[in-house]
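Residue numbers (the working numbering), protein chains in the order written: chain Y, 1 to 383; chain B, 1001 to 1291; chain E, 2001 to 2253.
Certain hints may be false.
[To be verified] Derived list of chain Y stretches under chain E, where covered just means 3 residues or more per stretch with a C-beta under 8 Å from a C-beta of chain E:
no., region
1, 16-25
2, 150-163
[Unchecked claim] Across the chosen pairs, the derived CB separations fall in these ranges:
no., chain 1, residue 1, chain 2, residue 2, range
3, E, Phe2014, B, Gly1182, 50 to 56 Å
4, B, Glu1280, Y, Tyr42, 39 to 45 Å
5, Y, Arg14, E, Gly2152, 45 to 51 Å
6, E, Arg2060, B, Leu1082, 55 to 61 Å
7, B, Leu1157, E, Arg2060, 51 to 57 Å
8, B, Glu1280, E, Tyr2155, 46 to 52 Å
FYI, nobody ran anything at the bench for these hints, they're computed from the structure. In this text, a Cβ means the ideal position worked out from N, Cα and C, and glycines have one as well.
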Amino acid sequence: MRFVFKTNYDQDIRLFQHAGQMWTYLALFAVLLVAPAVVSSYMLSQLVFVFIYALVGVSLMILVGFTGQASLGHAAFLAIGAYTAAFMQAHGYTFATYFLLAGVLTGIVGLLVGFPALRLHGIYLLIATISFSFIIEELLARWESVTNGNEGMRVKTLELFGMEIGRNSDYFYYLCLGVLTVTIIVTLNIMRSPTGRAFIAVRDSETAARSMGVDIAATKVRAFGLSAAITGFAGALFAHKMTFLSPEMFTLQLSIEFIMVIIIGGSLGLHGAILGAIFIIMIDPLLTLLKDDVPLLIGSLAQAFGAGSERVKALEDGTQALTSTAGLKGVIYGLIIMLFILFEPFGLYGRWLKIKLFFQMFPLYKKSTFKRQKVYVKSERNR
Amino acid sequence: MLDFIQQLVSGVALGCVYGLIALGVVLIYKTTEVVNFAQGDLMMLGGFFAYTFIGILGLNYWLGFALAVAAMALVGMLVERLLVRPILGFPQFAIVMATIGLGFFLRSIAGMIWGTDDLKIDTPFSNGVVKFGDLVLADDKLSVIVATLILCLVLYLFFNKTRLGTAMRGTSENMLAAYYMGIPVKRVVSLVWAISAMVAACAGVLLAPITFIHSNVGLALGLASFPAAVLGGFGSIPGAVVGGIIIGVLQTLAGFYMAEGWKSVFPYIILLGVLLLKPEGLFGALGRKKV
Amino acid sequence: MTSLFKVENLSLQFGGLKAVDDVTFDVQKGEVFTIIGPNGAGKTSIFNLISRLYNPTAGRLFFDGQDITQLPAHKIAQLGIARTFQNIELFENASLLSNLLVGRHCHSRTQLWQEMLFLPNVKRAEREHRMQVEEVIEFLDLQAYRDKLIAGLPYGVRKVTEVARALCSKPKLILLDEPSSGLNVEETDDMSFWIRDIKNDLGITVLMVEHDMSLVRRVSDRVLALNYGRVLALGTADEVQRHPDVVAAYLGT
Chain Y
1 MRFVFKTNYD QDIRLFQHAG QMWTYLALFA VLLVAPAVVS SYMLSQLVFV
51 FIYALVGVSL MILVGFTGQA SLGHAAFLAI GAYTAAFMQA HGYTFATYFL
101 LAGVLTGIVG LLVGFPALRL HGIYLLIATI SFSFIIEELL ARWESVTNGN
151 EGMRVKTLEL FGMEIGRNSD YFYYLCLGVL TVTIIVTLNI MRSPTGRAFI
201 AVRDSETAAR SMGVDIAATK VRAFGLSAAI TGFAGALFAH KMTFLSPEMF
251 TLQLSIEFIM VIIIGGSLGL HGAILGAIFI IMIDPLLTLL KDDVPLLIGS
301 LAQAFGAGSE RVKALEDGTQ ALTSTAGLKG VIYGLIIMLF ILFEPFGLYG
351 RWLKIKLFFQ MFPLYKKSTF KRQKVYVKSE RNR
Chain B
1001 MLDFIQQLVS GVALGCVYGL IALGVVLIYK TTEVVNFAQG DLMMLGGFFA
1051 YTFIGILGLN YWLGFALAVA AMALVGMLVE RLLVRPILGF PQFAIVMATI
1101 GLGFFLRSIA GMIWGTDDLK IDTPFSNGVV KFGDLVLADD KLSVIVATLI
1151 LCLVLYLFFN KTRLGTAMRG TSENMLAAYY MGIPVKRVVS LVWAISAMVA
1201 ACAGVLLAPI TFIHSNVGLA LGLASFPAAV LGGFGSIPGA VVGGIIIGVL
1251 QTLAGFYMAE GWKSVFPYII LLGVLLLKPE GLFGALGRKK V
Chain E
2001 MTSLFKVENL SLQFGGLKAV DDVTFDVQKG EVFTIIGPNG AGKTSIFNLI
2051 SRLYNPTAGR LFFDGQDITQ LPAHKIAQLG IARTFQNIEL FENASLLSNL
2101 LVGRHCHSRT QLWQEMLFLP NVKRAEREHR MQVEEVIEFL DLQAYRDKLI
2151 AGLPYGVRKV TEVARALCSK PKLILLDEPS SGLNVEETDD MSFWIRDIKN
2201 DLGITVLMVE HDMSLVRRVS DRVLALNYGR VLALGTADEV QRHPDVVAAY
2251 LGT
């Protein structure tokens, strides 16, 4: 077990609490830097999606995890970022300009959503953000002069420093990695500053926060703006990764996927956003794997247990049919959400913390350390 | 003018469906403070059950209707037992997400079992019409309205005149206190889920002749019922139905008189307006935390 | 002695119920001023009015000669009024340290963009906040719990943390809402020493709501008794306790 002896206040203020932590993250970063040379182009492409989802995950962590404001409207923010980028690029602006503007504009929309959201909380806020997202979706479909409506909109190849950067190129991977890294560092900086603590304060007790001098309205609006801006940046990258945008890409389902990122990852810290993004993106390759290999596996298992060749064939076909049904992904998504909330409420990162603590405290670890307290008195109706 | 009345009636019928879904949502919210985002999908499932009993097994409509409602009661209790009870008392957001996950799950399962084609069942109301002079009203729409009225009356009597109904109201006021007073809270909550799944099933079966039965029908209608619930005050049962009817009428009229595209977002625009101007809705009251 | 805080003809009405009815008093600089009264007398309502969580129906509040009746709630802390809550309102899922750092919020002057980059001025400010917080931790003996999550702390410690958080904002006036409720005898003793220290060593004026008469007698300079939102008596603890109206209010007539 590692004991961190604190001899200086700066130790708590620093980004890394101790040297071991710093080296771990540097090593991870180095691995990510050399990844393009090692992994397949398919995996590289998946990694880019991980980065984009992780960006949105970080933005949701700020809003939902840290500030405690629910949102099921982040697909709309992503759409605003993506369409802004695509529209401005089509009108000849450089990447630096439209990338920044995608973030800034989405951030402004976020602020505008944040102001009315001040009066709402919990379930009402959730419903309001869903409504916002529907309205944006409809707007994208109808505002044909800008978005080209339901026909969709092509996104030209990214151009940076006079160089064309294709959606599957290594450079695009580095660009996304860079944006994610900067975002994470900025977010960590905010979280160790007064604003970050104000977020947490608003989440845990608005009354107390107000009495301590936290301007609740300003804090919530800031959280909304920040979160939306990060999602806007992610949207610009998303546009280039997809190379084609249409309104039906930004549905409620996408918002739910984003929320899944932090549910799966766990809302204890930024780690959760990253782990959740990896998990969500890797479901797809796993499903493909399931489709190809599981029927054969079941077949060979049956054979090993002495089933006749006809039975084996029938079994293989049966599983094949089951695993290739269109709805399977939805079933799995639904199950994952429910199972995580039921059995792993702190998500993957929470599980990691538990395992870590188990070994640190061995043999004194007690399960109840992470037990969530249940509240049976009606609390959330009154605020 | 005739056009207008006809639109009005279809609006009221659509609104009744919203109202029935919203009613289920509110019922569950009142007793357990769980906001069920899968209510629309329970309705969808009810429709599919009815299709199975009536369309596939060829049972009599009323028998099939009853069986579908009974089956949904079981589904409701199952959901409560397996998903909701273990997480009751957790933060609201987690519970809401669990029900969203449930909706996802039910939708996809229904798609896998019954396919993604539009299904239809024959009902006694399918093609009939009622004429009042020049005014022609379809039976299927009238049946929804009448059934909603009957259901509301039954629920009203149940909650106000029976012991069990009183127990439910007690539970909704304060679960812990109700428990100490000897009300079997677990059974009550389970029953509330059963009732709201039954209401959802009724909505699903009644809706069958109007729209097709399809696995995605629940999502759209379920979400559009939230504006109804909020307009009604989110916690008031008559409010949910009235809110549903208002939303349904306004949406239908918007679809008829306004440009394309307004119809689908109109409930949400109303919702945002209500949330900003009068968040307590028409019949509700907002509480305030004591410090 | 000069007056630090003044309440003039304060009233608060919820529908037909007068929670606070024409209350007037002033708190002298450097004293411990206690409000007592039976349940529902309007004590906490007065606190909520002072910290601007409620809007008064009538009357005015003055702090340091400034009219604060119309200020928004989050501006109150900046003036130098901090408070604790009767039913602990801590930030449950944060460490004790960050709870106390939130107490410093009214002193933070850094901009969001500076915090994003964690510029040197932010770092300096953080160090300064941290130093102030450590002093309070020292003062209230909270060292052992510094990095612990609030959610796992015992009730007594949370109660002290509430006081600590309020102290972190370096207030001129601290409002303590039933500081001893739920504490055992020893913890109540500790609390009474701390309240005296807050007054004598830190020079902070204390306005307190309290039920425990032994604690009230030990620390209070003046006591105000309320019932049904109205002032019954004002004076030293003994005077108030002997006042016939107060006896009647507590024992019934």
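How the hints compare with the structure:
For the region 16-25 of chain Y, the proposed coverage by chain E is not satisfied: 0 residues have a C-beta within less than 8 Å of a C-beta in that chain, short of the threshold of three. Only residues whose C-beta sits within less than 8 Å of a C-beta in chain E count toward coverage, and the region 150-163 of chain Y has 0 of them, not enough to reach three; the restraint is violated. Between E/Phe2014 and B/Gly1182 the C-beta distance comes to about 33 Å, which lies outside the given range of 50 to 56 Å. Here the CB-CB span from B/Glu1280 to Y/Tyr42 is close to 53 Å, at odds with the stated 39 to 45 Å.
Hint check: Y/Arg14 to E/Gly2152, Cβ distance near 25 Å, so the stated range 45 to 51 Å is violated. With their beta carbons about 58 Å apart, E/Arg2060 and B/Leu1082 fall inside the hinted range of 55 to 61 Å. A beta carbon spacing of about 54 Å between B/Leu1157 and E/Arg2060 agrees with the range 51 to 57 Å that was offered as a hint. Judged by the Cβ atoms, the range 46 to 52 Å given for B/Glu1280 and E/Tyr2155 is violated: they are separated by roughly 35 Å.
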